[in-house]
Each structure stands twice: as C-alpha cells, then as structure tokens.
Amino acid sequence: METILFFIIQIILIPLISPFFIGLTRKVKARMQNRTGASPFQPYKDLWKLFHKDEVISVDASWIFKAAPYIIFSTTIIIGASIPLITTLTTNSYMGDFLVIVYLIALGTFFLALAGLDTGGAFGGFASSREMVVSALTEGGLILSLLILALISHSTNLTTITSTISSLSYLNFAPVILAFLSFIISILAENNRYPFDNPATHLELTMIHEAMILEYSGKKLALMEWASANKYLIFIALGVNLFIPWGIATSLNWVTTLTALVIFLTKVSVFCILIATLESSIAKLRFFKLPSLLFTSLVFCIIALGLII
Amino acid sequence: MSTDQIIKKYIKDAKTIVHGNMIMFEVTTDKILSVCRELYDRQLPLKIISAFDERKEKDLFKVAYVFGLPKQNMFLVPYIMVKDEFPSLTPLIHQASNYERKIYTFFGLKPTGHPSLRTLILHENWPANIFPLRKDFKWNSRPKLANGDFQFRKLEGEGVYEIPVGPVHAGIIEPGHFRFSVLGEEILLLEPRLGYSHKGSEKLFEELPLQDKIKLSERISGDSSFSHSLAFCLALESLGGIKISSRTNYLRVIFAELERLSNHIGDIGAIMVDTGYNFGGASGARLKEVVMQINEELTGSRFLRGVSKVGGINATLTTESIEKLIKSLNQLENDFKEVIHIAENTTTLLLRLKKTGVLQAEVARDHGVIGVAGKAIGFEMDARVDYPYAAYNQLQLKIATEKGGDVYARFEVRIKEVYSSIELIKQSLRKLSQSNNDDTKAITFKKNSYAIGIVEGWRGDIIYLISTDSNGEISRVDVRDPSFLNWAALGFAGKGNMVPDFPLINKSFNLSYSGNDL
Numbered sequence: 001m002e003t004i005l006f007f008i009i010q011i012i013l014i015p016l017i018s019p020f021f022i023g024l025t026r027k028v029k030a031r032m033q034n035r036t037g038a039s040p041f042q043p044y045k046d047l048w049k050l051f052h053k054d055e056v057i058s059v060d061a062s063w064i065f066k067a068a069p070y071i072i073f074s075t076t077i078i079i080g081a082s083i084p085l086i087t088t089l090t091t092n093s094y095m096g097d098f099l100v101i102v103y104l105i106a107l108g109t110f111f112l113a114l115a116g117l118d119t120g121g122a123f124g125g126f127a128s129s130r131e132m133v134v135s136a137l138t139e140g141g142l143i144l145s146l147l148i149l150a151l152i153s154h155s156t157n158l159t160t161i162t163s164t165i166s167s168l169s170y171l172n173f174a175p176v177i178l179a180f181l182s183f184i185i186s187i188l189a190e191n192n193r194y195p196f197d198n199p200a201t202h203l204e205l206t207m208i209h210e211a212m213i214l215e216y217s218g219k220k221l222a223l224m225e226w227a228s229a230n231k232y233l234i235f236i237a238l239g240v241n242l243f244i245p246w247g248i249a250t251s252l253n254w255v256t257t258l259t260a261l262v263i264f265l266t267k268v269s270v271f272c273i274l275i276a277t278l279e280s281s282i283a284k285l286r287f288f289k290l291p292s293l294l295f296t297s298l299v300f301c302i303i304a305l306g307l308i309i
Numbered sequence: 001m002s003t004d005q006i007i008k009k010y011i012k013d014a015k016t017i018v019h020g021n022m023i024m025f026e027v028t029t030d031k032i033l034s035v036c037r038e039l040y041d042r043q044l045p046l047k048i049i050s051a052f053d054e055r056k057e058k059d060l061f062k063v064a065y066v067f068g069l070p071k072q073n074m075f076l077v078p079y080i081m082v083k084d085e086f087p088s089l090t091p092l093i094h095q096a097s098n099y100e101r102k103i104y105t106f107f108g109l110k111p112t113g114h115p116s117l118r119t120l121i122l123h124e125n126w127p128a129n130i131f132p133l134r135k136d137f138k139w140n141s142r143p144k145l146a147n148g149d150f151q152f153r154k155l156e157g158e159g160v161y162e163i164p165v166g167p168v169h170a171g172i173i174e175p176g177h178f179r180f181s182v183l184g185e186e187i188l189l190l191e192p193r194l195g196y197s198h199k200g201s202e203k204l205f206e207e208l209p210l211q212d213k214i215k216l217s218e219r220i221s222g223d224s225s226f227s228h229s230l231a232f233c234l235a236l237e238s239l240g241g242i243k244i245s246s247r248t249n250y251l252r253v254i255f256a257e258l259e260r261l262s263n264h265i266g267d268i269g270a271i272m273v274d275t276g277y278n279f280g281g282a283s284g285a286r287l288k289e290v291v292m293q294i295n296e297e298l299t300g301s302r303f304l305r306g307v308s309k310v311g312g313i314n315a316t317l318t319t320e321s322i323e324k325l326i327k328s329l330n331q332l333e334n335d336f337k338e339v340i341h342i343a344e345n346t347t348t349l350l351l352r353l354k355k356t357g358v359l360q361a362e363v364a365r366d367h368g369v370i371g372v373a374g375k376a377i378g379f380e381m382d383a384r385v386d387y388p389y390a391a392y393n394q395l396q397l398k399i400a401t402e403k404g405g406d407v408y409a410r411f412e413v414r415i416k417e418v419y420s421s422i423e424l425i426k427q428s429l430r431k432l433s434q435s436n437n438d439d440t441k442a443i444t445f446k447k448n449s450y451a452i453g454i455v456e457g458w459r460g461d462i463i464y465l466i467s468t469d470s471n472g473e474i475s476r477v478d479v480r481d482p483s484f485l486n487w488a489a490l491g492f493a494g495k496g497n498m499v500p501d502f503p504l505i506n507k508s509f510n511l512s513y514s515g516n517d518l
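Chains as they are written, first to last, in the numbering used here: chain X, 1 to 309; chain W, 1 to 518.
Misleading hints may appear alongside valid ones.
[Unchecked claim] Listed below are several chain W residues computed to face chain X (Cβ distance under 7 Å; list not exhaustive):
hint: 1; residue: GLY108
hint: 2; residue: ILE172
hint: 3; residue: GLY276
hint: 4; residue: TYR277
hint: 5; residue: THR348
[Unchecked claim] Between beta-carbon pairs, the in silico distance windows are:
hint: 6; chain 1: X; residue 1: THR266; chain 2: W; residue 2: PRO164; range: 29 to 37 Å
hint: 7; chain 1: W; residue 1: GLU333; chain 2: X; residue 2: GLY218; range: 22 to 30 Å
hint: 8; chain 1: X; residue 1: LEU5; chain 2: W; residue 2: VAL160; range: 37 to 45 Å
[Stated by the list, open to error] With a straight-line Cα cutoff of 27 Å, these simulated DSSO-like cross-link-like pairs (lysine-lysine) come out:
hint: 9; chain 1: W; residue 1: LYS324; chain 2: X; residue 2: LYS289
hint: 10; chain 1: W; residue 1: LYS403; chain 2: X; residue 2: LYS289
hint: 11; chain 1: X; residue 1: LYS289; chain 2: W; residue 2: LYS354
hint: 12; chain 1: W; residue 1: LYS71; chain 2: W; residue 2: LYS56
hint: 13; chain 1: W; residue 1: LYS447; chain 2: W; residue 2: LYS215
hint: 14; chain 1: W; residue 1: LYS71; chain 2: W; residue 2: LYS416
hint: 15; chain 1: X; residue 1: LYS289; chain 2: W; residue 2: LYS355
hint: 16; chain 1: W; residue 1: LYS203; chain 2: W; residue 2: LYS144
hint: 17; chain 1: W; residue 1: LYS83; chain 2: W; residue 2: LYS138
hint: 18; chain 1: W; residue 1: LYS203; chain 2: W; residue 2: LYS58
hint: 19; chain 1: W; residue 1: LYS355; chain 2: W; residue 2: LYS71
hint: 20; chain 1: W; residue 1: LYS110; chain 2: W; residue 2: LYS71
What the hints contain is simulated information worked out from the structure, not anything from laboratory work. Positions of the beta carbon are idealized from the N, C-alpha and C atoms, including for glycine.
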C-alpha cells in the first residue's frame with residue numbers, strides 16, 4: 001500500500017517541484033552577475049503562459065514532431081517515479097534498474113534529436129547532430145559511474161544502491177567520490193549546462209538543446225521545457241541520493257519522511273547553487289574541446305573501477 | 001609640408017584646384033589607373049571613391065579617387081570625367097571593388113574590367129535600369145518591383161551543406177543574411193549579404209533642408225550618432241569657411257570620446273556574453289549604462305543626438321557638471337579595471353577568444369580594413385592622429401594596436417581605447433576654456449566646391465564627401481562608414497573556424513548594417 005502511495009507521490013512530486021529548481025538556478029546566476037533576477041517561481045508562470053498560447057507547426061512536420069513532446073515528457077515522469085527520492089522503501093524492482101533509467105533517458109534524447117531534424121530547419125539539424133555527439137560521448141561516463149555503485153552494492157537496483165552506499169564505511173569511499181565526479185560531468189552534459197551548452201543564449205548558431213526545440217511553440221514548447229526541467233531535477237536527485245545518500249528515509253512514518261523530504265530539497269538546492277556558481281564563473285568551452293572533458297569523466301570511472309577490483 | 005610642396009612631391013605638373021584640404025586634379029581615363037596605383041604604392045591610403053552626377057553642368061559624371069596624406073591632414077583627389085563607363089581599379093587595388101560596384105549600382109556607370117561585377121546593396125527586386133543617385137531620378141518615385149536573380153557562391157562536395165542565417169535574427173540586432181557552406185562544424189565559405197536596411201540616405205541628403213540633413217547624419221548608424229554628425233558638420237564647416245572656437249573643439253572631443261566609451265564597453269561585455277561568460281557580459285552592460293546616463297545628463301540624449309551643429313555645439317558644461325563627470329569617470333575606470341582584471345584571469349574565456357577568427361594581415365591590407373579590426377592586426381591608423389580634427393592635435397594620444405588579428409586582439413584594442421578615451425576626456429576637461437566665441441553668422445557655402453569630413457568613430461574612420469552646385473546648395477553627400485570596408489573582410493575571418501564560433505567573431509567586429517546599407 002505504502003509503495004503505491006509513494007509511487008503516486010513521486011509521479012506528482014518531480015514535475016511539481018522541478019520548475020522551481022530551474023528558477024532557483026537562474027536566480028542564483030542573476031545574483032552572481034550583480035542582477036536582481038526573476039523570482040525562482042518564474043518558470044511556473046512561463047509554463048502557464050505557454051500552455052495558454054496557440055501553436056505554430058510547420059507544414060513539413062511529421063508525426064514525430066507532434067508526438068515527441070509527449071514521449072519526452074512521459075519518459076521523465078516514469079523515470080521520476082522510479083528513482084529513490086526520499087525513501088529507500090520503494091523498491092521497484094523492474095523500473096528502478098539503473099540500465100532501464102539510463103536508456104529511458106536515451107529514448108527521450110533520441111526523440112528530441114529526431115524532432116530537431118524533423119522540420120528540416122538548418123538550426124535543428126546541426127543541433128541534433130551536436131546533441132548526438134555529446135550524448136554518445138557522455139554515455140560511457142554515465143553508465144560506468146553508475147556501474148561502479150552497482151559493483152559496490154552487488155545490485156543494479158537504484159534503491160538497493162542507495163541503502164548500500166549510505167551504510168558504506170568511509171574507508172571504502174574513494175571509488176564513490178571518483179564516480180561522483182564523473183557523474184557530475186554527465187549531469188552537466190546531459191542537461192546542456194555549462195561548459196557544454198548555454199541554456200540562456202539567443203545565438204542559434206551556438207545552441208545545442210535550445211536549437212532542437214526552436215520550432216516548438218505554445219503547449220508543446222511548454223511540455224518540452226517542463227520535460228527538461230524534470231530531467232534536470234532527476235539527474236540532480238540521482239546524484240545526491242546515490243552518491244551522498246545520507247538523510248534518506250529508511251523507515252516509514254511521517255516524521256522521518258518529512259525530515260527526509262526537507263533534507264532532499266536542501267541537497268538539491270545546494271547542488272543547483274553549485275551549478276549556478278560554475279555557470280557564472282566560466283565561459284562555455286569550444287565545441288571541439290568537449291570530447292576531452294567527457295573523456296576525463298570516463299578516466300575517473302576507470303580509476304574507480306581499478307580501486308574496486 | 002605646404003600645399004605647394006605636396007603638389008610638387010606627388011602630382012608634379014598636373015593642373016590642381018584646392019578645395020580646403022582637398023587637392024583635386026583631373027586625369028584622363030587612360031592614365032587614372034597608373035596615377036592611382038602610384039599614389040597607393042607610395043603608401044597613401046585610398047579613403048573613398050565617389051561619383052558625382054555633373055551632367056547638368058558638364059554633361060559628364062565625375063569619378064573621384066580620394067587618397068589621404070596621413071599626418072598632413074590633406075587629401076589628394078585625382079578625378080576623371082566619364083560618360084557611361086570607367087576603367088576598373090579593382091585588379092590593381094582590390095579594396096576599390098565595392099566602391100566601384102556601388103557606383104555601378106547607383107549611377108549606372110560601368111567599371112570595365114571589374115572581376116566580379118554585381119550590384120551592391122540594392123537587391124534583385126530593384127529594376128536594373130534605374131539608378132537612384134542620378135539627378136534625374138526623383139527621390140519619391142517608386143519603381144515597379146523587378147524579378148532579378150541572385151546567386152550565392154556555391155561549394156559542392158561530399159558532406160558540404162549550406163546554412164542560411166538571417167536576415168531576421170534572434171535578439172535585437174540589425175538585419176543581414178549570412179550564407180555558410182559548412183563541412184561538419186567547419187566553415188568553408190561565408191558570404192554575407194546585406195542591403196536589407198537600405199533607406200536611400202544618400203539621395204535623401206540631397207533633398208532635406210540643412211537642419212534635417214544633420215539629423216539624418218545622426219541616424220546613418222544610430223550607435224555612432226555623434227561621430228557621423230560631427231564628420232558631416234566638419235565637412236560643412238570646411239565648405240562654409242567657418243572657424244570653430246577652442247571650447248567647442250574640446251567639447252567635441254569630450255562627446256566623441258564618450259560615444260566611443262559607451263560602445264567599446266558595451267562591445268567588451270557583448271563579446272564576453274557570446275562566449276557564455278555571463279559575469280563579464282552583465283558587467284559590460286551595466287558599465288555601458290553608466291556612460292549612457294552621463295550622456296543623457298549632459299545633453300538630454302543617451303545617444304548624443306541633437307548635440308552636433310554647424311559652427312558650434314548644442315551643449316554647455318557647467319563647472320558643477322564637470323566635477324561630477326570627473327567623479328563618475330574615475331568610478332567607471334575603477335569598476336572597469338576590476339571587471340577586466342577578473343576577465344583576464346578566466347582561463348575558459350581566454351581559450352575562446354585567442355586564435356579565434358584570425359584575420360590575416362595580407363587579406364586585411366587588400367580589403368583596406370580599418371578601425372578596431374585593422375588596429376588588432378597592428379595597422380597604425382587613426383583619423384584622430386592622421387587627420388586631426390576638433391582639438392585632437394592638442395591632446396596626447398597613442399594609437400592602440402595589437403598583433404594577433406584574432407578576437408582577443410580586437411577585445412584588447414577596445415580595452416586600450418577605453419582607457420585612452422577616459423584619459424582624453426580628462427585632458428580635454430582640464431584644457432576647456434570658459435569663453436565661447438563661436439561664429440554665429442548665417443552659413444553660406446562655397447559654390448561648385450568639395451569638402452571632406454573625417455572622424456574616427458569607434459568602429460574606424462567615418463568619411464563624408466560633400467559637393468555643392470553653382471548656387472552653393474549641397475548637391476551630393478557620400479557617406480563612408482568604416483563597416484563598408486570591413487564587411488568585405490569578415491568572411492575571411494570566419495573561414496576555417498567552427499560554426500558556433502561565428503557569432504563571437506561577428507561580435508568582435510560588430511559592424512554596422514545600417515551604415516553599410518545607407
């Protein structure tokens with residue numbers, strides 16, 4: 001019974017709070033640039049506005065263009081419901097497998113890239129090509145960093161991993177830290193943050209993610225934006241719950257669950273602030289330099305693997 | 001050197017007419033190419049080629065080639081009288097190409113021997129047999145739309161594809177079309193196509209009353225309002241033989257440098273934004289706003305519009321406002337220094353700027369690149385030093401140059417010019433006298449005469465070439481914004497770079513579309 005309850009809570013929780021963390025990141029970035037910035041709740045207003053707007057769809061668009069926002073949005077909802085957020089008691093043995101999660105994410109990326117190509121616009125085309133390059137190179141680091149956790153905890157189930165890592169002795173923590181560093185690079189690459197992509201740019205020629213959704217408007221754009229907010233939160237949630245899982249609820253009662261929720265939100269907020277700080281203090285890397293950064297992520301994992309075996 | 005010595009040195013025995021600082025002499029069409037090439041070989045920069053419709057008086061068109069004499073503040077102007085075609089100088093001096101195409105488009109005079117003769121600025125919807133700058137074309141007539149043809153240069157090969165960008169862009173910038181031929185992410189060919197903001201400004205200059213002509217000059221390129229109108233006023237003053245008081249001259253320096261300051265600071269910020277370095281970008285925008293507000297407080301206009309006038313200046317600086325100005329400048333300089341210090345220590349920013357968008361010195365020389373882009377290669381030219389106007393000959397100024405020719409060099413040139421502008425304003429404020437003895441008599445212009453106004457705008461030198469008819473009325477105004485020359489070289493700076501670096505390269509040039517399209 002509780003498992004189903006938590007499943008439902010998680011389905012709602014991720015899309016409910018994800019726009020806030022996009023807003024929070026923007027707010028912190030604005031403060032770092034000596035600007036006041038919009039309220040962290042601004043993304044909710046933006047979504048509301050977009051849902052009330054009409055759409056323009058190119059006559060050249062196929063069903064892929066129309067279906068992609070729903071597919072991408074629903075994958076983020078499914079993933080959001082399957083990962084450990086505030087408790088380790090939601091063992092969902094089919095959906096909670098890290099390989100399922102990683103390839104559900106890849107499914108979303110695949111449709112996003114197809115949608116970018118679909119209308120035949122020049123910007124969408126090269127954005128999709130760039131996205132595929134980046135995500136193909138990210139995959140190694142992403143899978144390996146999670147595989148290290150799986151090897152430590154002898155399970156590919158994310159919830160089991162969370163409980164194992166939280167009870168791990170400090171002496172065995174070195175590979176986890178290395179895997180975490182690698183995972184952080186993957187978070188930045190998968191969510192098109194600095195130094196891979198500039199989510200705030202208006203220059204079509206430099207875009208990756210933004211150029212793929214350039215042709216979208218109105219409700220479908222809202223879904224796309226919302227889905228990328230969900231993805232951002234999912235990655236950060238995976239990061240904080242798998243690699244630094246302390247504070248997650250291990251027993252079920254209202255007090256521990258609420259405490260766990262507060263701790264979870266705090267950890268995610270701190271992570272958003274760190275990303276915002278990073279984005280304010282560096283410039284975007286030149287596109288051809290990105291593979292070396294992703295390679296670094298792979299190297300971290302290989303060292304960590306060496307430490308385990 | 002006196003005028004006579006210059007004539008002796010460069011022209012020898014030709015019959016010359018001196019108009020202000022222009023030494024004009026007629027050359028036959030068969031000799032003009034060798035005369036121009038000789039002047040060019042003697043290191044005189046070609047400043048502008050312009051045509052004049054003189055069919056009413058002489059039944060012929062005049063084509064004039066203006067060469068500058070740096071440090072002498074004089075111009076040598078060989079000219080030819082032609083009927084419908086003239087020999088093309090382009091095979092000998094490449095930078096003549098676009099001037100000749102412009103004359104071809106607007107006067108219908110054919111440069112024979114031009115290697116790639118196409119119309120410039122006017123698009124294929126303009127009828128090919130209507131030439132708007134001829135005197136018999138009425139400025140308010142509206143020709144039927146034509147259906148001409150325009151072909152971009154085509155590159156073919158496996159994996160080569162084209163990216164069309166513009167003319168409408170994201171963000172608030174001017175319209176222009178860029179056609180990239182790309183292999184993967186590498187730019188093989190970049191062809192800009194401009195003319196979308198053509199407004200018929202040169203024709204309009206011939207029609208408007210004098211006061212409105214000055215307003216029009218302020219709107220040729222809105223971010224250079226003061227420099228453009230100053231260049232125009234300098235030319236008008238030379239035609240009217242008007243003397244300018246020392247106070248006005250210093251005030252002109254102050255406002256010209258304030259304009260340079262706001263635009264350079266804005267560009268420095270914008271370059272950082274385009275690399276994604278948000279802190280620098282936001283700081284640049286903030287500091288630019290500080291200068292804009294100084295402008296507004298002193299003159300009532302953030303863009304210094306309505307400040308220029310013939311024979312004087314529409315601004316008074318009280319002792320109080322001078323003190324305040326010095327204070328804000330000191331504050332600005334400190335803040336700017338701090339931002340640049342942080343930026344120069346940000347490795348990721350420097351990685352993006354260095355070696356990006358390199359413009360080769362040889363290409364730049366052939367295209368006559370001037371201004372920031374020229375200084376970034378090491379070309380030591382600056383109208384403030386070479387053809388000193390206003391009070392610049394009484395001020396200390398070192399031309400800011402760099403060597404790399406890349407985005408970083410253009411970034412650095414701007415930084416150096418920001419410091420030198422602040423210094424120039426301070427120097428001028430110290431020397432500013434209280435007396436104001438401007439000529440206020442009615443303005444009459446010399447008849448059948450010519451004049452040049454040249455001002456170093458923040459992009460490079462701006463030239464106004466003006467002629468008057470037999471009634472002393474202004475019969476032609478030719479405007480040459482520095483963008484006109486530098487646009488031709490931009491494609492070469494983009495070649496070989498990656499597509500995502502192009503916006504950064506373009507921003508480091510930051511050329512005017514409006515000033516080019518006129």
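Hint check results:
| no. | hint | result |
| --- | --- | --- |
| 1 | GLY108 | violated (37 Å) |
| 2 | ILE172 | violated (9 Å) |
| 3 | GLY276 | holds (3 Å) |
| 4 | TYR277 | holds (4 Å) |
| 5 | THR348 | holds (4 Å) |
| 6 | X/THR266 / W/PRO164: 29 to 37 Å | violated (48 Å) |
| 7 | W/GLU333 / X/GLY218: 22 to 30 Å | violated (48 Å) |
| 8 | X/LEU5 / W/VAL160: 37 to 45 Å | violated (58 Å) |
| 9 | W/LYS324 / X/LYS289 | violated (48 Å) |
| 10 | W/LYS403 / X/LYS289 | holds (25 Å) |
| 11 | X/LYS289 / W/LYS354 | holds (14 Å) |
| 12 | W/LYS71 / W/LYS56 | violated (37 Å) |
| 13 | W/LYS447 / W/LYS215 | holds (23 Å) |
| 14 | W/LYS71 / W/LYS416 | holds (22 Å) |
| 15 | X/LYS289 / W/LYS355 | holds (14 Å) |
| 16 | W/LYS203 / W/LYS144 | holds (19 Å) |
| 17 | W/LYS83 / W/LYS138 | holds (21 Å) |
| 18 | W/LYS203 / W/LYS58 | holds (21 Å) |
| 19 | W/LYS355 / W/LYS71 | violated (33 Å) |
| 20 | W/LYS110 / W/LYS71 | violated (34 Å) |
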